[in-house]
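When you get a sec, could you build the whole thing from the sequences and use the hints?
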Amino acid sequence: MVATAAVRPAQHRTFILRPNLFTALLTGIVCFVFVEWILGRDGGPLNIVWGLEVNQILFLSYVVGTVGFFAGLGYFNYPVRWLLGHKQTQEEQLRDYGAEGGVGRYFRLTLDHKVIGIQYLIAVIFFFCVAGFNAMLIRTELLTPDVKLMSPEMYLTMVAEHSIGMLMVASSVIIGPFGNYFIPLMIGAKRMAYPRIEALSFWTFLLALLILPTAFFFGGIPTGWTGYAPLADQAHAGQDAYVVAWALAGASMTVSAINILATVLLMRAPGMSWTRLNMTVWSVVVASILAWLAAPILVAVQTMVGFDRSFLTGLFVPVQGGSAFLYENVFWTFGHPEVYILAVPAMGIVLDILPVFTRKPVYAYKAAVTSLFGIGLLSWFVWQHHLFVSGLTPGLRPFFMFSTEMISFPTGIIFLAGLGTLFGGRIRFTTAMLFALAWFPNFLLGGFSGVFLSDVPADVQLHGSYFVQAHFHFVLMGATLFALFAAAYYWFPKITGRMMNETLGKIHFWSMWIGFNGTFITLMIVGMQGMSRRFATYFPYLQTTNVIATLFAYLLGASMLPFLLNLVYAWQWGEKAEENPWRSRSLEWMTATPVPLENFEEVPLVVGGPYRYGPSGARPMAILRPSEEAAGGAATAGS
16 MVATAAVRPA
26 QHRTFILRPN
36 LFTALLTGIV
46 CFVFVEWILG
56 RDGGPLNIVW
66 GLEVNQILFL
76 SYVVGTVGFF
86 AGLGYFNYPV
96 RWLLGHKQTQ
106 EEQLRDYGAE
116 GGVGRYFRLT
126 LDHKVIGIQY
136 LIAVIFFFCV
146 AGFNAMLIRT
156 ELLTPDVKLM
166 SPEMYLTMVA
176 EHSIGMLMVA
186 SSVIIGPFGN
196 YFIPLMIGAK
206 RMAYPRIEAL
216 SFWTFLLALL
226 ILPTAFFFGG
236 IPTGWTGYAP
246 LADQAHAGQD
256 AYVVAWALAG
266 ASMTVSAINI
276 LATVLLMRAP
286 GMSWTRLNMT
296 VWSVVVASIL
306 AWLAAPILVA
316 VQTMVGFDRS
326 FLTGLFVPVQ
336 GGSAFLYENV
346 FWTFGHPEVY
356 ILAVPAMGIV
366 LDILPVFTRK
376 PVYAYKAAVT
386 SLFGIGLLSW
396 FVWQHHLFVS
406 GLTPGLRPFF
416 MFSTEMISFP
426 TGIIFLAGLG
436 TLFGGRIRFT
446 TAMLFALAWF
456 PNFLLGGFSG
466 VFLSDVPADV
476 QLHGSYFVQA
486 HFHFVLMGAT
496 LFALFAAAYY
506 WFPKITGRMM
516 NETLGKIHFW
526 SMWIGFNGTF
536 ITLMIVGMQG
546 MSRRFATYFP
556 YLQTTNVIAT
566 LFAYLLGASM
576 LPFLLNLVYA
586 WQWGEKAEEN
596 PWRSRSLEWM
606 TATPVPLENF
616 EEVPLVVGGP
626 YRYGPSGARP
636 MAILRPSEEA
646 AGGAATAGS
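Okay, so the sequence shown: first residue is 16 according to our numbering, each after it adds one.
Just so you know, nobody snuck in bad clues.
Subject to a maximum C-alpha distance of 30 Å in a straight line, what follows is the list of computed DSBU-like cross-link-like pairs (lysine-lysine): (1) Lys-591 - Lys-205; (2) Lys-375 - Lys-205; (3) Lys-375 - Lys-591; (4) Lys-521 - Lys-375; (5) Lys-591 - Lys-521; (6) Lys-205 - Lys-102; (7) Lys-381 - Lys-205.
Hints listed in this document are in silico derivations from the structure and should not be mistaken for laboratory results.
Computed from a prediction, not measured in an experiment: that's the story for all the values here.
Here it is, written out as structure tokens:
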């Protein structure tokens with residue numbers, strides 16, 4: 016572990032460019048282009064001998080380009096030097112942890128969990144805006160019943176790029192920025208268990224999002240975000256970008272989950288018992304268990320699809336003896352736990368923010384924690400409701416209908432725990448609190464619409480319609496992204512030492528909430544009227560409803576502008592924040608702002624829970640300098 020002293024590594028002048036995002040992109044692109052050239056179909060030096068097809072060449076190019084990206088980033092420097100017997104100096108350790116400060120550390124490989132959290136935050140916001148812009152293009156196309164703005168093929172690719180991009184972002188939208196930044200602070204740890212694995216998870220996640228848009232250069236993605244076989248086998252070469260991007264995203268989720276679980280299991284401060292953990296920590300633990308078990312399935316199934324496309328293994332191709340139905344089962348075995356990998360951390364965030372702004376403990380804390388695990392367990396027994404119209408054996412339908420409806424019980428307990436926390440509280444309606452409160456109606460409507468989709472007769476009628484799309488957005492965007500913004504406004508003072516503007520924040524909230532509900536309630540209606548998803552054309556009688564949905568979608572898109580303005584302005588020129596502006600009792604607010612390199616001068620001694628708002632004069636959650644207190648106690652005893 017690095018030393019706690021504020022030592023700045025010496026600035027060596029060199030003509031060799033230090034590894035960073037630019038060198039990683041450059042090396043990755045060079046490796047990709049080199050493989051494309053040397054294996055090229057039209058006279059590539061090696062392809063004259065091997066005779067590879069375009070899918071094989073592109074698949075190998077992505078793999079080699081990925082290795083080149085990490086080489087250019089400098090990720091292999093440490094293991095190679097370790098194998099050669101080089102022992103890191105203190106200066107090199109400090110440099111790896113970004114102790115020299117500056118903006119540059121956010122664009123290179125860094126081991127400090129706080130820097131990695133900010134890297135995630137920047138990437139999440141950027142790609143969220145990109146995917147949101149794609150959504151605006153989709154809604155603009157749907158202003159009229161006929162194709163106007165883009166071809167049907169381009170429309171399908173745009174839908175896929177939006178969907179996959181949003182899901183990749185959503186999979187890390189809370190665990191990435193706030194899990195990495197705050198989990199060690201909340202449990203009293205000085206770092207994450209495996210800093211290099213933590214860095215690997217971010218850069219793999221970023222590379223997946225960078226590879227995904229390259230599909231536009233190779234014919235697009237005609238399969239939608241699910242990539243069903245046999246369409247995936249028949250698709251253009253752009254489908255290889257889908258395969259590689261999803262596989263990398265799954266790998267990122269897997270290693271991130273392992274790191275978080277190891278950190279919470281092994282690095283809690285003395286006195287930090289399981290019953291003293293924040294709800295955010297519990298929710299991230301549950302999501303990490305799900306990701307640890309489910310994400311490797313995603314990596315495996317996309318690797319199998321890649322082999323089908325490139326090496327003709329025929330695992331999911333019926334004419335070669337494979338099964339497209341097998342792909343659906345394997346994909347959704349990952350896909351439905353994935354929903355709760357996204358949704359459960361949002362529940363933890365909301366249940367952490369409510370006590371701060373009501374000055375009350377979390378209502379039914381132990382029941383809420385148990386319910387989080389119940390949600391995680393039940394999420395493994397519901398995937399077949401996605402296959403009600405795909406040839407599922409009729410005898411299994413009642414079981415999966417019942418298991419799907421059962422999941423409403425633990426989610427209902429979470430809902431009631433939140434309402435119980437609000438009841439009788441002295442509520443402060445800050446921007447963070449407003450976003451947390453919006454979770455309730457959003458998730459309620461998402462869950463209520465899900466009851467219909469869990470019922471087989473209703474699902475047969477609504478499957479593939481905009482009703483399903485609206486339900487999905489209420490559960491994920493309405494819960495996860497509103498929780499993201501609640502967390503951003505809540506923890507921004509801790510990250511930057513400055514306050515975001517409350518007026519701009521409330522403009523952001525109300526415009527986003529009205530735009531969001533207006534868009535997706537209207538899309539529920541158009542779905543019940545019979546409009547199918549993934550089509551660029553529709554019947555003329557549906558145009559009025561689509562125009563209304565599109566206008567609300569424009570408001571939803573425009574609502575991001577005050578947030579971005581607020582974020583940039585406050586980061587540089589915002590009002591200086593107090594050490595603990597919200598008067599939270601949680602451990603992350605007890606350390607200095609900005610947070611020191613090793614978080615705490617000493618490993619704290621935890622003596623209470625994070626929600627002791629009721630008793631007046633309750634002692635702090637932790638003793639930050641236990642050695643001084645022990646020395647003071649010994650001196651008093653000696654006198």
